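Q: Just so you know, the sequences run in chain order R and D.
For reference, each letter of the first sequence is one residue, going 1 to 338 in this note's numbering.
For reference, each letter of the second sequence is one residue, going 339 to 444 in this note's numbering.
Hints were generated in silico from the structure; no laboratory data involved.
Just to be clear, a hint being listed does not mean it is correct.
[Unchecked claim] Which chain D residues stay away from chain R? Per the calculated CB distances, all over 12 angstroms, these:
{"no.": "1", "residue": "P340"}
{"no.": "2", "residue": "G349"}
{"no.": "3", "residue": "L396"}
{"no.": "4", "residue": "I427"}
[As the list claims (entries may be wrong)] Partial pick of chain R residues on the chain D-facing surface, computed with a CB cut under 10 angstroms:
{"no.": "5", "residue": "V117"}
{"no.": "6", "residue": "G157"}
{"no.": "7", "residue": "G159"}
{"no.": "8", "residue": "P208"}
{"no.": "9", "residue": "I247"}
{"no.": "10", "residue": "K262"}
{"no.": "11", "residue": "K293"}
[To be verified] The following label-pair restraints were derived from C-beta to C-beta distances:
{"no.": "12", "chain 1": "D", "residue 1": "I441", "chain 2": "R", "residue 2": "A74", "range": "41 to 47 angstroms"}
{"no.": "13", "chain 1": "D", "residue 1": "E355", "chain 2": "R", "residue 2": "K291", "range": "23 to 29 angstroms"}
{"no.": "14", "chain 1": "R", "residue 1": "L294", "chain 2": "D", "residue 2": "K401", "range": "28 to 34 angstroms"}
What you are looking at is a predicted structure, and each value in this text was computed from that prediction instead of being measured.
Ideal Cβ placement from N, Cα and C applies to all residues, glycine included.
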Amino acid sequence: MIKTDAIIIGAGPTGLFAVHQLGIIGLKCEIIDNLDRAGGQCIELYPDKPIYDIPAIPECTGEELTNGLLKQVAPFKANFHFNQRVEEIKQENNSWILKTNKGNIFSAPNVIIAGGVGSFEPRKLALKEAEKFEGSQIFYSVANKKIFQNKKISIFGGGDSALDWALELSKTNQVTLIHRRSEFRGAAHTLSEVKQKEKEGKILIKTPYNLTSIEGDKAMTGIEIKHEDGKLEKIKADYILSFFGLIMKLGPIAEWGLNIDKKTIPVNTETFQTNKEGIFAIGDICTYPGKLKLILSGFHEGALAARACFKRAKPNETYKFEFTTASKNIHDRLGLKK
Amino acid sequence: MPKITYITHDGEKNTVEVLTGLSVMEGALQNNIKGIDADCGGSMACATCHVYVSENWLGKIEKTHDAEQDMLDMAYEPKKNSRLSCQIIVSDDLDGLEVTTPIKQT
Numbered sequence: 001m002i003k004t005d006a007i008i009i010g011a012g013p014t015g016l017f018a019v020h021q022l023g024i025i026g027l028k029c030e031i032i033d034n035l036d037r038a039g040g041q042c043i044e045l046y047p048d049k050p051i052y053d054i055p056a057i058p059e060c061t062g063e064e065l066t067n068g069l070l071k072q073v074a075p076f077k078a079n080f081h082f083n084q085r086v087e088e089i090k091q092e093n094n095s096w097i098l099k100t101n102k103g104n105i106f107s108a109p110n111v112i113i114a115g116g117v118g119s120f121e122p123r124k125l126a127l128k129e130a131e132k133f134e135g136s137q138i139f140y141s142v143a144n145k146k147i148f149q150n151k152k153i154s155i156f157g158g159g160d161s162a163l164d165w166a167l168e169l170s171k172t173n174q175v176t177l178i179h180r181r182s183e184f185r186g187a188a189h190t191l192s193e194v195k196q197k198e199k200e201g202k203i204l205i206k207t208p209y210n211l212t213s214i215e216g217d218k219a220m221t222g223i224e225i226k227h228e229d230g231k232l233e234k235i236k237a238d239y240i241l242s243f244f245g246l247i248m249k250l251g252p253i254a255e256w257g258l259n260i261d262k263k264t265i266p267v268n269t270e271t272f273q274t275n276k277e278g279i280f281a282i283g284d285i286c287t288y289p290g291k292l293k294l295i296l297s298g299f300h301e302g303a304l305a306a307r308a309c310f311k312r313a314k315p316n317e318t319y320k321f322e323f324t325t326a327s328k329n330i331h332d333r334l335g336l337k338k
Numbered sequence: 339m340p341k342i343t344y345i346t347h348d349g350e351k352n353t354v355e356v357l358t359g360l361s362v363m364e365g366a367l368q369n370n371i372k373g374i375d376a377d378c379g380g381s382m383a384c385a386t387c388h389v390y391v392s393e394n395w396l397g398k399i400e401k402t403h404d405a406e407q408d409m410l411d412m413a414y415e416p417k418k419n420s421r422l423s424c425q426i427i428v429s430d431d432l433d434g435l436e437v438t439t440p441i442k443q444t
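Same shape as in the complex, but just chain D (with noise of 0.2 angstroms):
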């Protein structure tokens, strides 16, 4: 199963195993991290699971449609490698992923 760690804002690292197919929000909730909200429940209508990509995974991770951009304009203080976390589908690819949470999602 491929890994996926979670850093939250002050370096806190948890590292879980997700199910390929799941998004890594899914895998966020399913495992307790703290730090996505998710409020709307991943249909990409509240920017409550906005995470940062690490750099280097930036370019392995599909790109965002204009709808995520769009949901990222209210998120909490983007940046350029953020992400919905509600939109990053995992797959063998992406094992070792790393994104890190914002201080807070609202």
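Chain R on its own, in the form it takes in the complex (with noise of 0.2 angstroms):
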């Protein structure tokens, strides 16, 4: 079990931020994200867009404030814990324990959600068989490559994902690629080898078409296809693989007994404590009167819930305000040389 001052869930840049604001008044945190990396939002919705209303700074884009804001807090040396989600929460005295899906232990007096809207998860096929078989005949993404060897494989979807795949699995598979619209948004070199693979025979390109249908009882043994003109066609395949990028999901959040309001989180705004004593939220997630969804709201939401932290971290100590440019113990944690 891992015992820490307070657990951020979510790394985007709310996040981020918030362990900023723990580390300059004196807090440990640990930090969890379902992603493979920090970012959130701005890192998987929006790497390359421009963002212009971060204060003092007038461009950059997603993945610019994200490096940013890590540069920002390494001084802290929080550890991140990623590609695992948040399951369950209980409370122990004036302690609150988390659980992942990885199995693994939290333990601090502080809890602070900065969820967004919640954890990323492949958006999946709108079958309802497809349900029966995904994990053994249908994916969403790639773990092992080996076990499509010498199958038919069809690929749904238009973006670099399904491109690279078709390729990739070109190699060694009877590759079927299909999408909605004729257009694709993948990467142009990308799109022009897939094209070459296409005059080759080695990839079969099915556009505009869309699923309809699954076959097979036990096991996947085909699927039907329909243009946009209403033809239908039948497709043997011994595998799916679909690619429609990520839907966020509130998730197990929805189950810890907090108050929930249309996906969002009610706070107090002064503490940005939620009706849980010690759980707080910050950014996206959460909700008040005038709430703006803005990354700079998060910023200054995290700056409170750290300062409201304190004082279940440390309750025998009193928290006396400071700031950055004149305090020796801020730069002390900052590591910063006399």
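Fit chain to chain and form the complex, with the hints in mind.
A: Following this line, the structure appears as structure tokens:
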């Protein structure tokens, strides 16, 4: 079990700045995120799109913002726990005990939920039958490409993941790439490679087609797809790979006994505490009168929540407000040389 | 004020007034219309405000941009008349617009 002063759920910009705000007042934290890296929506949804409303930074991309924040929190040596989702949370005396889907257990008097709109998960195929074969013949990511050797594979999607895997798997397999429209949005050079493979007969491209049914009882044997003009076509398939990006799901947070209002958590704006003592919510996931879903609002919310964490983490000490420019304590915490 | 009609996948109609200049997505959220999630808040990054625009209105609203089509690839069961409602801005010309929400958004 990992014990700390505060556990932050979500490593997006708001969660990252909360690490900083906890750090400068001398609190330790652990940060947990379901993705494989920091940045949250900034990195998953718009890594290359410019953001224009970060104070004193006229323009930066989601990736640049994330990198800047990571650099800013580096002195505090917070531990990041990626690729895992917090499943359970329970109270034990004055502490909260958190358990992730990887079985890791954390304990802290404070939990800061900076979960954005929830955890990112792959968007699944709409057909009900898809559930039956998920994990055996239908996949939303590739863990082991060896299983596909010499098999018939249908790949759905029009972005880089779909194109990249079509190329990769076409080396050893019969690949059909199916997309709802004729335009692909993946990188131009990948697309031209895919088109080349199509000419060579290594990849069959089917556009504009949508999936209409999955065939097979115990095992999937094939699929039926429908052209925009209504024509149906059957394709034999041993495997389906589907790449329709990520969606955000509130997930287990909804089961923790917190007040929830339309997928957001109401908070007190003095401390950003939820209805549970010691559990705070900041960033897009919190709500209060006048709430703006801006990164800058998340920063402010984290600053206040961090101060509120102090009392529970160090009940016998007095919190004293200090400026980063003048405080020797803060300079020590930042590891500055005298 | 322009009136916008939101129809659920099973045919339930809700007609509400939406301020000119707001998006069809914002009109839905302000009026507690079911079936539009709008997870990303209108930054065209999530495809959970996906709607089907009735055929007779398709020609009257501004055409989609590439980025919107790219995002619609991710939507739940996109069709030819699919749009992201955050990208349809309400104006007097759109008074009477009808949009249908999909069975689900994710």
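Q: Could you check if K262 (chain R) really has its C-beta closer than 10 angstroms to a C-beta on chain D?
A: This hint holds: K262 (chain R) lies near chain D, its Cβ roughly 9 angstroms from the closest one there, short of 10 angstroms.
Q: Can we confirm that no CB of chain R comes within 12 angstroms of the CB of P340 (chain D)?
A: holds (25 angstroms)
Q: Does L396 (chain D) clear chain R by more than 12 angstroms, comparing its Cβ with all Cβ atoms of that chain?
A: At about 15 angstroms from chain R, L396 (chain D) clears the 12 angstroms cut-off, so the statement holds.
Q: Given I247 (chain R) was flagged as interface, is its beta-carbon under 10 angstroms from a beta-carbon of chain D?
A: It holds, given that the least Cβ distance between I247 (chain R) and chain D is near 4 angstroms, below 10 angstroms.
Q: Say whether it holds or is violated: I427 (chain D) keeps its Cβ farther than 12 angstroms from all Cβ of chain R.
A: Answer for I427 (chain D): holds, closest chain R Cβ roughly 20 angstroms.
Q: Would the least Cβ to Cβ distance between G349 (chain D) and chain R come out above 12 angstroms?
A: For G349 (chain D), whose nearest Cβ neighbour in chain R is about 20 angstroms away, the distance exceeds 12 angstroms, so it holds.
Q: Regarding the hint that G157 (chain R) lies at the interface with chain D, is the smallest CB-CB distance below 10 angstroms?
A: Hint on G157 (chain R): holds, closest Cβ of chain D at ~7 angstroms, below 10 angstroms.
Q: Taking the closest Cβ pair, is K293 (chain R) under 10 angstroms from chain D?
A: This hint holds: K293 (chain R) lies near chain D, its Cβ roughly 5 angstroms from the closest one there, short of 10 angstroms.
Q: Answer holds if the nearest beta-carbon of chain D is closer than 10 angstroms to that of V117 (chain R); otherwise answer violated.
A: holds (5 angstroms)
Q: CB of E355 (chain D) to CB of K291 (chain R), is that within 23 to 29 angstroms?
A: Roughly 24 angstroms apart at Cβ, these two residues keep to the hinted range, so it holds.
Q: Take the C-beta atom of L294 (chain R) and the C-beta atom of K401 (chain D), compute their distance, and say whether it sits inside 28 to 34 angstroms.
A: holds (30 angstroms)
Q: Does G159 (chain R) pass the interface hint, meaning its C-beta sits closer than 10 angstroms to a C-beta of chain D?
A: Check passed: Cβ of G159 (chain R) comes within 7 angstroms of chain D, closer than 10 angstroms.
Hint violations for this structure: none, all hints satisfied.
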